[in-house]
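Novice: Protein sequence lines, in the order shown, are assigned to chains Y and G. Counting along the first sequence from 1, when you hit position 32 you're at 32 in the working numbering, and nothing is skipped either side. Counting along the second sequence from 1, when you hit position 13 you're at 13 in the working numbering, and nothing is skipped either side.
A couple of the hints might just be wrong.
To be verified - If we take Cβ atoms under 7 angstroms as the criterion, some of the chain Y residues that face chain G in the derived model are:
1. T17
2. G21
3. G26
4. V29
5. R30
6. G32
7. V34
8. T39
9. P45
10. I52
11. A54
12. C55
13. R65
14. R66
15. V68
To be verified - Here are the in silico distance ranges between beta carbons for each label pair:
16. G/R211 with Y/A14: 21 to 27 angstroms
17. Y/V16 with G/G286: 43 to 49 angstroms
18. Y/V16 with G/E212: 34 to 40 angstroms
No lab work stands behind these hints, which were simulated from the structure alone. Quantities reported herein were computed from a predicted structural model and do not represent experimental measurements. Cβ coordinates follow ideal geometry from the N, Cα and C atoms, glycine included.
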Amino acid sequence: MRSGDSFTVRLDGAEVTAFDGDTVAGVLVREGRVSWRRTRHGERPRGLFCGIGACQDCLVEVDGRRGVRACVAPARAGTSIVTGDGDGDGDGDGDG
Amino acid sequence: MADVAREAYDVAVVGAGPSGMAAAVEAAAGGLRVALLDQSARVGGAYWRHHPRHLDDLAEVAPLHDWATFRRLLTRLQTVEVRTEHTVWALERLELGFRVRALRGEVERAPVVLDATSVVVATGTHDRVTPFPGWTLPGVLGAGGAQALLKGSLVAPGGRVALAGSGPLLLVVADGLLRSGVGVAAVAESGHPTTYGLHPTAWPGLTARTREAASYLRTLAQHRVPYLAGHRISAAHGTDRVERVTFATRRGRAREYHVDALLVSHGFTPQLELLLQLDPDTRVDGDGSLVVRVDARQRTSVPGLLATGEVTGVGGASLAILEGYVAGRALTDRAVDRAVLRRIDVHRSFARAMHTVHAPRDDWAYDLPDGELVCRCEEVSAGTLRVACRELGVDDVRGAKLMTRAGMGLCQGRMCGRAVVDLVAVSSGRRADAAEAVRAGSRLPAAPVPLSVLAREALSEDA
Numbered sequence: 001m002r003s004g005d006s007f008t009v010r011l012d013g014a015e016v017t018a019f020d021g022d023t024v025a026g027v028l029v030r031e032g033r034v035s036w037r038r039t040r041h042g043e044r045p046r047g048l049f050c051g052i053g054a055c056q057d058c059l060v061e062v063d064g065r066r067g068v069r070a071c072v073a074p075a076r077a078g079t080s081i082v083t084g085d086g087d088g089d090g091d092g093d094g095d096g
Numbered sequence: 001m002a003d004v005a006r007e008a009y010d011v012a013v014v015g016a017g018p019s020g021m022a023a024a025v026e027a028a029a030g031g032l033r034v035a036l037l038d039q040s041a042r043v044g045g046a047y048w049r050h051h052p053r054h055l056d057d058l059a060e061v062a063p064l065h066d067w068a069t070f071r072r073l074l075t076r077l078q079t080v081e082v083r084t085e086h087t088v089w090a091l092e093r094l095e096l097g098f099r100v101r102a103l104r105g106e107v108e109r110a111p112v113v114l115d116a117t118s119v120v121v122a123t124g125t126h127d128r129v130t131p132f133p134g135w136t137l138p139g140v141l142g143a144g145g146a147q148a149l150l151k152g153s154l155v156a157p158g159g160r161v162a163l164a165g166s167g168p169l170l171l172v173v174a175d176g177l178l179r180s181g182v183g184v185a186a187v188a189e190s191g192h193p194t195t196y197g198l199h200p201t202a203w204p205g206l207t208a209r210t211r212e213a214a215s216y217l218r219t220l221a222q223h224r225v226p227y228l229a230g231h232r233i234s235a236a237h238g239t240d241r242v243e244r245v246t247f248a249t250r251r252g253r254a255r256e257y258h259v260d261a262l263l264v265s266h267g268f269t270p271q272l273e274l275l276l277q278l279d280p281d282t283r284v285d286g287d288g289s290l291v292v293r294v295d296a297r298q299r300t301s302v303p304g305l306l307a308t309g310e311v312t313g314v315g316g317a318s319l320a321i322l323e324g325y326v327a328g329r330a331l332t333d334r335a336v337d338r339a340v341l342r343r344i345d346v347h348r349s350f351a352r353a354m355h356t357v358h359a360p361r362d363d364w365a366y367d368l369p370d371g372e373l374v375c376r377c378e379e380v381s382a383g384t385l386r387v388a389c390r391e392l393g394v395d396d397v398r399g400a401k402l403m404t405r406a407g408m409g410l411c412q413g414r415m416c417g418r419a420v421v422d423l424v425a426v427s428s429g430r431r432a433d434a435a436e437a438v439r440a441g442s443r444l445p446a447a448p449v450p451l452s453v454l455a456r457e458a459l460s461e462d463a
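Whenever a hint applies, use it, and build me the whole structure from the sequences.
Specialist: Below, the structure written as structure tokens:
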């Protein structure tokens with residue numbers, strides 16, 4: 001059901017296909033992921049919830065930056081997505 | 001400091017959905033220098049999330065509402081400085097105008113500062129999801145969010161889904177999913193849409209809306225999908241993801257469905273975080289949402305600050321586009337055609353009826369089991385909040401935050417703010433009031449900001 005340009009991104013080290021207009025969340029859901037992190041206290045699984053950038057549930061590591069909103073970040077050729085960061089702090093202040 | 005260049009505009013429009021786009025192009029047509037900022041990679045908002053490269057596929061699965069309008073606005077955006085992938089986290093008043101602080105790139109997060117004489121806030125809404133047992137399970141997500149995923153990536157959050165909550169959006173999303181081959185188990189609407197006719201304010205807008213709803217109901221019927229009016233979510237069940245949902249009427253007649261996703265919308269929550277930083281007059285709308293007060297030209301009580309679309313009252317994209325147009329004209333004191341004002345009236349009247357037919361209820365706050373979370377980020381349960389009210393003397397949202405950390409997590413109370421207000425009010429035996437909703441929603445920054453950026457920009461103020 002897809003047309004448009006496709007390209008390759010890395011998901012947990014494996015090459016997967018993504019399409020023009022994809023967000024990182026679009027890639028994750030298409031690959032069958034339902035949750036991709038665990039909460040800090042209860043270690044509860046979390047994935048997409050609000051889907052439009054408000055809830056911070058879908059945080060994931062992208063290109064080495066933690067705490068990225070999967071539903072906002074665009075997927076681009078070569079984008080590296082790493083799931084499973086369970087600390088959920090999402091502060092992404094690795095540059096600080 | 002030198003590394004944060006500051007640029008000056010006549011107008012900064014925050015949010016590039018239908019309303020923000022309309023405001024920006026109309027302001028630019030009046031000769032103003034306009035910047036249009038949005039956190040997404042493309043303009044259009046959630047409403048026009050469709051990727052232009054996929055239109056042939058998309059026409060099948062997601063109706064291209066007002067697509068001609070979108071194309072027209074897109075062409076006219078050439079006169080506007082469009083800044084996608086800009087997440088605005090602060091609006092500040094200057095002696096003359098405003099300072100807008102943003103982060104460029106969801107991954108890069110480069111600080112951007114720009115000044116503008118006027119600001120138009122058109123930040124829209126997200127799905128309102130009131131807590132129910134199992135609402136934090138993966139696979140439970142906002143119906144509008146699911147639709148954005150379908151439009152933007154042509155992917156559905158599940159292979160067999162149910163939709164629940166209240167409002168016209170449930171039918172729109174169910175229709176799109178069915179057209180794209182996704183199995184829909186049921187649509188549970190807690191209200192009774194047949195009562196629209198009882199609200200005279202709805203009548204002028206009712207014919208068009210009824211025709212649209214009828215086409216969605218036809219799609220449901222073709223696929224033998226039950227449309228359950230008067231049914232609420234009893235629970236979502238599963239271990240690490242949703243596997244089963246139960247819906248029930250008030251009298252307790254229950255139905256159960258096996259699903260791999262539950263899409264929920266109990267109406268919408270206008271995104272007021274940025275507006276509240278500037279302390280404009282607000283009001284509680286008919287659907288219980290906190291919204292900003294505007295005059296007939298979309299001006300808030302703060303001089304130079306305008307607001308359009310859902311942040312001024314949930315009423316849909318057609319209304320939001322017209323309000324954006326009015327704001328764009330107001331910025332250069334141009335008149336607005338009376339026919340436009342009449343159309344706005346029709347939309348707002350219909351919205352009033354819609355708010356009543358699909359009115360949110362607070363009975364969840366009595367029914368939610370103690371073990372269920374209310375605040376998703378800080379993982380604060382209903383039981384913890386009730387104990388705080390009963391034994392620690394908490395009787396408002398501020399006390400609840402201090403004693404339980406509810407609303408102090410990464411989303412800064414966006415998801416749970418209203419729920420905490422309702423639950424604390426119910427638990428301490430009083431009614432939730434508007435002022436409390438303001439306190440629950442007012443927060444700086446409006447997005448998580450790296451400490452390095454905060455430090456750098458604090459320094460730049462002193463330099």
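Novice: Using 7 angstroms as the Cβ threshold, decide whether Y/R65 counts as touching chain G.
Specialist: Holds: closest Cβ of chain G sits about 5 angstroms from Y/R65, inside 7 angstroms.
Novice: Let's test the interface hint: is any C-beta of chain G closer than 7 angstroms to that of Y/G21?
Specialist: Since chain G brings a Cβ to about 3 angstroms from Y/G21, closer than 7 angstroms, the hint holds.
Novice: Tell me if the beta carbons of Y/V16 and G/G286 are separated by a distance inside 43 to 49 angstroms.
Specialist: Holds - the Cβ-Cβ distance for Y/V16 and G/G286, about 46 angstroms, lies within 43 to 49 angstroms.
Novice: When the nearest CB of chain G is found for Y/V68, is that gap smaller than 7 angstroms?
Specialist: holds, 5 angstroms
Novice: With 7 angstroms as the cut and Cβ atoms as the points, is Y/T39 at the interface with chain G?
Specialist: holds, 6 angstroms
Novice: With 34 to 40 angstroms as the target window, see if Y/V16 and G/E212 comply at their CB atoms.
Specialist: holds, 37 angstroms
Novice: Is the hint on Y/P45 kept, meaning its closest Cβ partner in chain G is under 7 angstroms away?
Specialist: holds, 5 angstroms
Novice: Was the hint right that Y/V29 lines chain G, CB cutoff 7 angstroms?
Specialist: Because about 5 angstroms separates Y/V29 from the closest Cβ in chain G, which is inside the 7 angstroms limit, the hint holds.
Novice: Return the status of the interface hint for Y/A54: holds when the least beta-carbon distance to chain G is below 7 angstroms, violated otherwise.
Specialist: Constraint on Y/A54 satisfied, holds at 5 angstroms.
Novice: Interface hint check: Y/V34, Cβ to nearest Cβ on chain G, cutoff 7 angstroms. Holds or violated?
Specialist: holds, 5 angstroms
Novice: Tell me if the interface restraint on Y/I52 is satisfied: Cβ within less than 7 angstroms of some Cβ in chain G.
Specialist: holds, 5 angstroms
Novice: Do the numbers back the hint for Y/R66, that is, is its least Cβ distance to chain G under 7 angstroms?
Specialist: Given a least distance of 10 angstroms, the restraint on Y/R66 is violated.
Comparing the model with each numbered hint stated earlier shows that hints 1, 6, 14, 16 do not hold.
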